[in-house]
Amino acid sequence: MNGEKRILLEYADKINPEKAEDYIKVGGYKGLEKARKMKPKQIIEEVKKSKLRGRGGAGFSTGMKWSFVPEHAPVKYVVCNLDEGEPGTYKDRIICEKNAQALLEGMAICALAIGAKKGYIYCRGEYPHIVRLLNNAIESAKKAGVLEDFDIEVRMGAGAYVCGEETALIESIEGKRGEPRFKPPFPGVEGLWGVPTVVNNVETFACIPYILTHGAEWFASIGAPDYPGTKVLTLTGDINNPTYFEVPTDYLLSDVIYKLGGGIKGGRKLKAVQVGGSSGAFIPPENIHTSIDFDSMSRIGASLGSGAVFVLDETRDIVDVATRIAKFFEHESCGKCNPCREGTFRMYEMMQRINAGRGSEEDLENILVLSRVMQKASLCGLGQAAPIPIETTIKHFREDYMRKLM
Amino acid sequence: MGKSYAEIIMPYKDKKGGLIEAFHALQREFNYIPEEALKEAARIFKIPESKAYGVATFYSHFSVEKRGKYIIRMCESAPCHVAGAGEVLKALEQYLGIKVGETTPDGKFTLELCECVGQCQAIPVITINDDVVLSVSPERIPEILKKYE
Ligand SMILES: Cc1cc2nc3c(=O)[nH]c(=O)nc-3n(C[C@H](O)[C@H](O)[C@H](O)COP(=O)(O)O)c2cc1C
Ligand code: SF4
Ligand code: FES
Chain A
1 MNGEKRILLE YADKINPEKA EDYIKVGGYK GLEKARKMKP KQIIEEVKKS KLRGRGGAGF
61 STGMKWSFVP EHAPVKYVVC NLDEGEPGTY KDRIICEKNA QALLEGMAIC ALAIGAKKGY
121 IYCRGEYPHI VRLLNNAIES AKKAGVLEDF DIEVRMGAGA YVCGEETALI ESIEGKRGEP
181 RFKPPFPGVE GLWGVPTVVN NVETFACIPY ILTHGAEWFA SIGAPDYPGT KVLTLTGDIN
241 NPTYFEVPTD YLLSDVIYKL GGGIKGGRKL KAVQVGGSSG AFIPPENIHT SIDFDSMSRI
301 GASLGSGAVF VLDETRDIVD VATRIAKFFE HESCGKCNPC REGTFRMYEM MQRINAGRGS
361 EEDLENILVL SRVMQKASLC GLGQAAPIPI ETTIKHFRED YMRKLM
Chain B
1 MGKSYAEIIM PYKDKKGGLI EAFHALQREF NYIPEEALKE AARIFKIPES KAYGVATFYS
61 HFSVEKRGKY IIRMCESAPC HVAGAGEVLK ALEQYLGIKV GETTPDGKFT LELCECVGQC
121 QAIPVITIND DVVLSVSPER IPEILKKYE
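Chains as they are written, first to last, in our numbering: chain A, 1 to 406; chain B, 1 to 149.
In short, the hints are calculated from the structure, not lab data. Values in this document were obtained by computation on a predicted structure and should not be read as measured data.
Pulled a few chain A residues facing chain B out of the computed Cβ check, cut under 7 Å:
{"no.": "1", "residue": "Gly88"}
{"no.": "2", "residue": "Glu126"}
{"no.": "3", "residue": "Gly159"}
{"no.": "4", "residue": "Ala160"}
{"no.": "5", "residue": "Ile173"}
{"no.": "6", "residue": "Glu174"}
{"no.": "7", "residue": "Ser278"}
{"no.": "8", "residue": "Val321"}
{"no.": "9", "residue": "Arg324"}
{"no.": "10", "residue": "Ile325"}
Backbone N, C-alpha and C fix where the C-beta goes; we use that ideal spot for every residue, glycine too.
Please work from the sequences and hints to get the whole structure.
Right under this line is the structure:
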């Protein structure tokens, strides 16, 4: 036993994700059946009691989010975020490929809870095969009659990381440029086409059926008490098993690397690990004996984010990696606000200079100042998080930077 | 004869926010959005041309420039980067005789860079139109591209 715990992926490769009948045979759509006998408020209470928190990165209480939707609004929407743009992340794709019906069931339960008749799945443009899979899965669920009058439409993105941000995603579904909106108002009050909208991540929705079926207490008892359940992780970098795993949320990062991951390639030593995709902090080896749950990661100045785990061995040039990441953000900044548009540009410029051996100590100090400005003044999470990988590499690996300065 | 621009766009006319879906449909046909098609879309969706253009140029998968029959995208996100994306890119440029952003003279291949395509289980990764090619190495380039020649 390697300590994996499979809930969402229990029947991976044993059932056809497109077929509702397959899913029903292994207990699927029981949660929805239960939800139909409950009042909307009771469903929301149950989700609150489960302590489920969003798996899309921000870790917000799902039940709470649903409870903000005004009861009496005539039209509401359920939106699933399948934009999955964090480099090194492919867990939402895996959940769709292995258990797409659970996602549909979770959305249908949410629709009952908030009183919506229509749902959208926003799938990144890089996954055309998932769009086909989901359309077949929806058709199969419709034929089986399980969705009743709840309608789900799949929309495809077109290669923009920022569209994973919930308000940019909404703009994109509306057929516009995917630029984030000012918040408030939050989507729960004013979302898609100006009406109350719940936006949740694929993994969040996929947890819902199991909560309804097995009960909130059961879910709350798994993993870390304040961020319970499981988390699907994807491992990349200098690791022996670069694949995906589903673990209870109190699983240790060190075990992710050395047990599930099979350790560092070539028996080398760990240099650093970045959790949560390119917007995540770099974690030095002395901090890896930490549980992966949201709050434990925050305590060491990191974030669980999307659950991507990017491992670098001792031979890696971390300044070069941080420079590559700076380019990512420079490229993906939507340009709507100054701190991020200018900030990511300058940041990349300075990082390139340092990486090429032409940087000065002044550049390094300027990066740290700029980093604070961006974190405080950027409009959305992209600009706020962009400096974090750079700041944390300077913090933990300053000598690597010093060696490259003029 | 292929379909007219209007014929491709019309099915999305009454879809709320259907402009992006219409652009996808155009690209499936032409691999880019021709200027006249963009104008037609603006007319059908009753928005200014500048707005349609603004949407088309926001998304990296859409192009308003003519592109090749096959679009090769090299992932250069951090995981692929450390797995050797740089060498693969060099090999691609050499084999095709073009630089990033260019199209081969015969109109077959366009070479682009992209960020993580979510196939990080076997990197580095390139995509060729909708196909995903895993664990790419410089040596494998000729064999991979042969299929498309
Ligand atoms: C730049 C940026 C990119 C994001 N990308 C994603 C994404 O790909 N998938 C996702 O679920 N959430 C993403 N988010 C978070 C969403 O804004 C939102 O918080 C999330 O979809 C809410 O779902 P949850 O509560 O179920 O986590 C992103 C946020 C930012 C700022
Ligand atoms: S922070 Fe960056 S991505 Fe977000 S709105 Fe501002 S410019 Fe756009
Ligand atoms: S990092 Fe290249 S496919 Fe994910």
